[in-house]
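S.K.: Taken in sequence, the protein lines are chains A and B. Under the working numbering, residue 312 is the last one in the first sequence; the count climbs by one each step, no gaps. Under the working numbering, residue 332 is the last one in the second sequence; the count climbs by one each step, no gaps.
These aren't lab readings, by the way, just hints derived from the structure by calculation. Wrong hints could be hidden among the right ones.
To be verified - Derived PhoX-like pairs: lysine-lysine, alpha-carbon spacing no greater than 20 angstroms straight-line: (1) LYS138/A with LYS148/A; (2) LYS168/B with LYS178/B; (3) LYS131/B with LYS178/B; (4) LYS306/A with LYS131/B; (5) LYS131/B with LYS168/B; (6) LYS304/A with LYS178/B.
Unchecked claim - Which chain A residues stay away from chain B? Per the calculated CB distances, all over 10 angstroms, these: (7) LEU71; (8) VAL231; (9) TRP301.
As the list claims (entries may be wrong) - Derived Cβ-Cβ restraints for the label pairs, each shown as a range: (10) GLU171/B with LYS306/A: 25 to 31 angstroms; (11) TYR43/A with ALA133/B: 52 to 58 angstroms; (12) GLY65/B with ALA167/A: 57 to 63 angstroms; (13) GLY105/B with ALA115/A: 32 to 38 angstroms.
All values derive from a computational prediction rather than experimental measurement. Positions of the beta carbon are idealized from the N, C-alpha and C atoms, including for glycine.
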Amino acid sequence: MSRAAHRAPGGLAGRLSDLFWRRPGLFLLLLLALPLTWLGLVYIGSLLALLLQSFFSIDEFSGLINYDFTLKTYAELLRPANFDIILRTVLMAAAVTVAAAIVAFPIAYYAARYARGRMKALFYLAVMLPLWSSYLVKVYAWKLILAKEGILNWAVEGIGASAVLNAVLAIPVIGGNSLSVSYIGTFLVFLYVWLPFMILPLQASLERVPANLLEASDDLGAGSGQTFRHVILPLAMPGLIAGSIFTFSLTLGDYIIPQIVGSSRRFIGQAVYQHQGTAGNIPLAAAFAVVPILIMGLYLWAAKRKGAFDAL
Amino acid sequence: MTLAVEFDHVSRHFGAVRAVDDVSLAVEEGCFFAMLGPSGSGKTTCLRLISGFERPTAGHVRIFGQNSETIPPNRRPVNTVFQDYALFPHLSVRENVAYGPKMAGVDRRRREAAAEEMLALVKLEGYGDRKPAALSGGQRQRVALARALVNRPRVLLLDEPLGALDLKLREAMQEELKTLQQSLGITFVFVTHDQGEALSMADRVAVFNHGRIVQHGTPQEVYERPRTRFVADFVGSANVLSPELSARAGGPGRWASLRAESIRLVAPPSGRLSGTVRTVRYLGAGHRVSVSIGGDDLVVILPAATAPPPATGTEVGLDWAAEALHEMEPDA
Ligand SMILES: Nc1ncnc2c1ncn2[C@@H]1O[C@H](COP(=O)(O)OP(=O)(O)O)[C@@H](O)[C@H]1O
Ligand SMILES: [Mg+2]
Chain A
1 MSRAAHRAPG
11 GLAGRLSDLF
21 WRRPGLFLLL
31 LLALPLTWLG
41 LVYIGSLLAL
51 LLQSFFSIDE
61 FSGLINYDFT
71 LKTYAELLRP
81 ANFDIILRTV
91 LMAAAVTVAA
101 AIVAFPIAYY
111 AARYARGRMK
121 ALFYLAVMLP
131 LWSSYLVKVY
141 AWKLILAKEG
151 ILNWAVEGIG
161 ASAVLNAVLA
171 IPVIGGNSLS
181 VSYIGTFLVF
191 LYVWLPFMIL
201 PLQASLERVP
211 ANLLEASDDL
221 GAGSGQTFRH
231 VILPLAMPGL
241 IAGSIFTFSL
251 TLGDYIIPQI
261 VGSSRRFIGQ
271 AVYQHQGTAG
281 NIPLAAAFAV
291 VPILIMGLYL
301 WAAKRKGAFD
311 AL
Chain B
1 MTLAVEFDHV
11 SRHFGAVRAV
21 DDVSLAVEEG
31 CFFAMLGPSG
41 SGKTTCLRLI
51 SGFERPTAGH
61 VRIFGQNSET
71 IPPNRRPVNT
81 VFQDYALFPH
91 LSVRENVAYG
101 PKMAGVDRRR
111 REAAAEEMLA
121 LVKLEGYGDR
131 KPAALSGGQR
141 QRVALARALV
151 NRPRVLLLDE
161 PLGALDLKLR
171 EAMQEELKTL
181 QQSLGITFVF
191 VTHDQGEALS
201 MADRVAVFNH
211 GRIVQHGTPQ
221 EVYERPRTRF
231 VADFVGSANV
241 LSPELSARAG
251 GPGRWASLRA
261 ESIRLVAPPS
271 GRLSGTVRTV
281 RYLGAGHRVS
291 VSIGGDDLVV
301 ILPAATAPPP
311 ATGTEVGLDW
321 AAEALHEMEP
331 DA
């Protein structure tokens, strides 16, 4: 008796696995079918629908949507009242992003370079913990913290620094009656809520910077500032960009935080919310919603031009 | 003669691990100094003590006569070629090489000219615009060398720089490094676990084991007169004769070493010892014959020019010149 050279395929699973081995393309297709459908139809499709809406306009007298192609709605964005909203939102998003990068960097650097074992677990826990509780609860908690009768005010008074807080609140535009009704308050809450989204990608990219590059830089005569500027920062750039995409776009699109904490002046998210809801102006809402997409596109393009992704 | 590097009873302990343990050594200026030892014997730690990335737990490291304890790495007249090269992946080859001058404030034009000059020296003209990722291992190694040399260091530290290269390239680089060192006149401190490399390149060799220097001298001294069994074994795998065997062979009755290529095979009754041929292996340049004597095995290297090697199982006599048997100290 001669034995067969190959073992027979075992059952249906075996036959399928044989088939996939002969036709790797088929396997890939099956694997990607669901996500591709989702991405193609639901995701890109709805984005396109949104884009389409922004090229319609609203009839001012009847309040009905006029389905002729027009750029009138976009022109509307440039009206001072609307443009202020855009400017305000972009400035806030930029400030939050820069502050998040500054606060996150030392934390991420410590976690990537020094924390080991138990400390590392503690780091992940500390960064993620806020993400486990409801966003609304956190924002309301901050409202309480920042209120005039809140704990922050009480603590500041306790250490006798009320004069400092009052001086800060007296700054025109960003100040206000109390922190909870000022831009500073809005900024602080944004910073708190989005910080993990900056820390985690930054930490991941710093983790991938080999320690011997820092030693090589040192060996070649660089001081620690020079090493930071010429080695650490460029290599951390992809993480920094990833983090800033999160903090920037999340701030651009948020409509709840400025409503709860802040000076009742509107942000893009609130404008979208109001135009598609009470005002019933879907085209303008859509045009507002395109603004963050455009800004993020420009931002990524500029980052790429500057070589931010060269280290990838 | 000026001393470039001097270790004065230097120790570096990591908790219970004595990475470097009471090491004293002196490297003369312009010398090609090799630190040879098995993995984990403390060679890298010694280099890091010179470059300043480690500080001694005891003793002093002096660089050109100056105590170095308080001087950070970026201010030492020393540069390093790292074990895995540590090239900056986001910079081009030219920017990598120009990094040191840039940190020193040299203007762009001059530092790029210096970088090109160094790239020419290591035979990498025209590679300046590439990224390190687009280079082969040997080319990266040269960039690392150029990047260190462009700073005109007084001492160049090399941590197993050829370890990742294949044999052919490694041999070519050994010659180039040696030539470069002689023409530049820079002191090289070269770490390796490859005894052939250490012996063929260095003016001085320090053999490390367990964080200590076991022997220190010229390559000939270390090769021909190993001080302990460890050195005899590690440097060129000499035969080690136990006191009993050495006595039977008419030797001093102490531990002794006997180089495989200094033994001749003779007809059985004559010779200092006799035994049975256990294995014969072809080496290309000759044969490696293993002869069993009682419980011990001695290795004999027969040059290809001599008569055909004996067959396995033959009785043979072993003979050598009296001075070939070298007496050793017991291992500490
Ligand atoms: N930073 C460190 N912490 C703890 N142990 C270390 C450290 N650096 C080196 N060692 C230990 O010191 C010993 C010598 O290491 P090393 O100098 O790298 O040896 P070699 O370069 O000869 O292989 C090893 O046992 C190593 O594990
Ligand atoms: Mg080593």
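S.K.: Does each hint fit the structure? Answer for all of them.
M.R.: Cross-check of the supplied hints:
no.	hint	verdict
1	LYS138/A with LYS148/A	18 angstroms, holds
2	LYS168/B with LYS178/B	16 angstroms, holds
3	LYS131/B with LYS178/B	27 angstroms, violated
4	LYS306/A with LYS131/B	17 angstroms, holds
5	LYS131/B with LYS168/B	25 angstroms, violated
6	LYS304/A with LYS178/B	44 angstroms, violated
7	LEU71	42 angstroms, holds
8	VAL231	6 angstroms, violated
9	TRP301	20 angstroms, holds
10	GLU171/B with LYS306/A: 25 to 31 angstroms	44 angstroms, violated
11	TYR43/A with ALA133/B: 52 to 58 angstroms	34 angstroms, violated
12	GLY65/B with ALA167/A: 57 to 63 angstroms	58 angstroms, holds
13	GLY105/B with ALA115/A: 32 to 38 angstroms	35 angstroms, holds
Violated hints, listed in ascending order, are 3, 5, 6, 8, 10 and 11; each of the other numbered hints is respected by the structure.
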